[in-house]
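Start from the sequences, fold in the hints, and give me the full structure.
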Amino acid sequence: MESTKLELQLVPARANSGHGDNDASQSKGNSPEHQQHQQYLVPAILPMTIRHSSSTMESVTLSTTAAQQVNPYLGFEEKTAYVTFRLKQFKTEASVRVEDAQHASFLPEGLFTVVLAHVMTHAQHGASQQPKLSRTHAVCFMESTKLELQLVPAVGGIKMKIRSAQPRAMLHMLHTMISEAARERYPELKSSLLLPYDDKTLLFFEDVLHHHKSKQDMWVDEQLLPPDDLVAKYGRLLPVLGLQDKYDVFISYRQRASSGLVMALHPRLEQRNLVAFLDANNLETGLNFKLSFMTAIGLSLVACPIVSAATIMQMRQLQHSDYCDNVLLEWMTMLALHEHQRKHGGRGEGEATDLIRLRRVVPVIVGSAWHNVNDSSMSRAEMSEYDSFDAMKRLAMTLPDAVSKQTAAALDQYFTQVLHLPPPRPHKSVREAVWSLFDIDAVTALDAGVDRTSQLRDIAEKVRRVVVSARSEEQTGRGPATARRSTQFSQPIQPSEPAAPQPPQAPQSPSPQEAGIVFDAEFEEWLSTNKLLPHVQGALHQVGAADFDMLTVLVDTGVVGADKLQEMGVRAGPAHLFMQRFDEHRAAADVQNKEGGGCCALM
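Per UniProt numbering, residue 1 is the first one in the sequence shown, and the count goes up by one each step.
Each hint can be trusted.
Below, computed lysine-lysine pairings styled on DSS-like, alpha-carbon distance capped at 25 angstroms:
no., residue 1, residue 2
1, K393, K405
2, K91, K190
3, K246, K462
Ranges of calculated distance between the beta carbons of each label pair, as one might list FRET restraints:
no., residue 1, residue 2, range
4, G449, D221, 56 to 66 angstroms
5, R571, K91, 48 to 58 angstroms
6, E584, E222, 40 to 50 angstroms
7, T416, T529, 54 to 64 angstroms
8, Q69, F106, 13 to 23 angstroms
9, P426, R183, 35 to 45 angstroms
10, V468, D354, 13 to 23 angstroms
11, E522, T416, 48 to 58 angstroms
12, K200, D583, 30 to 40 angstroms
13, R185, Q216, 32 to 42 angstroms
14, G75, K343, 55 to 65 angstroms
Derived by calculation from the structure, the hints in this document are not laboratory data. These numbers were taken from a predicted model, which means no experiment stands behind them. Just so it is clear, CB atoms sit at the ideal spot from N, CA and C, and this is done for glycine as well.
The structure is reproduced here in structure tokens:
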């Protein structure tokens, strides 16, 4: 293994679209194409740690031994969870002592590296700077999100820490990736998602979720926790009960095939203060899964189906056997809701008025450059045949020209039981439903020669513009846009060009709920102490800087600076004072962390 190399591409994952899990089994493939994209070649034998000199680990050959020394269990931490591994069931109650979790765990040597390779093939697609990698610890930066993985033998698993304003969706995507990677190498290995409670106890996420949803007190050892305490401690990782009443955008994707694309796109949407519904697989358990994600589509201003050749090909299976394809169901739902809104001038009808906010359907049509060779039976070269709008439409014509009865039945159930409206008639055939998306203004990313990082940025920005327009329509009571392929974003995406300079305008400071972010308590106290909060609050909401970690990333990547703050409407004095105070805070923090050693990018 010393002579092998593990190739990780810093380019976006390929899109396959949809939340459904009805993908056929897919084998791995590879292609030498598109090697012009930026790549990192990471040695298969990574350094043992990130923050410790190699000399201190020379005598250590096992990663679990090294991790035992450098990655202790620290007790409760915000936005943090653990995936633990075992061969047999060990759960007896809602909580588990740390030593019991370790005793019951099974942690094969090299598992962390296997998991890391799987996660990084997706996470690097949206990386904003070089990741830091080792056999026991990894850090990845994606726009305003910081992902951190640590091997923690003390609990028999891997720690996931997500510095993000909206960490829940990212946490569950990471959990899924890690569990799948572990099972792929060790089929008998079982995993559990645990939340840190204190220095001696962990809680099973499923139990925390259950008590949160049922609003019941929860026993932790001899202490009875009321539901409000669970929300106070783990609220960022728990769903808003009964779904949120509003989303800016619903991203329709097939998790198994497109989690990499979504993982890269999500921080960019979040940075633009958009609340995105991303993860239907982590809706509240106990609810009807299909009705829940259809309700979320109705509560979203904009629906974005990710359309790719692989997605369309998957639906051809409906020619041979009828089943409810969740991806197709999402697409049929958004089309039916959009048509309903068009007929009623965007005002809804009867009881459905508050349940149908949908104003726009904006397909994101992607080519082979986004094809995920790790999760598909076809190579990127084979998919490149469909790297044009017309070729994609021709592929859609191969879909069955018949109604998927089971999919249509689920759509009818949503209309009759949730919206209390007559179901749409006539139902669209599989071919008609997909073909309809090609008649709507779309964001297209079909040019394999364009850098995928630029494409990601442009997709997020164009989605933001549509959301802003949809918000304006909602506020003025106008109906949904009915423009066809000639007005919005029908041209292939090109790298962004600087916009014409405009006079700075004072930003309107949205509430934390409207902006989709809430300041970290320490960060907000620091702003208040320095008398900067009223001056920079709007600008920080605008870029999604909710805590020091996010601000550090945004400053390092040039998104935030004195000039940038002034462009966002902050006066010169507060803008320069803010940057001066931040530099002082950062320098003080560096001094405190000096004993821990520096971080280096191990590329």
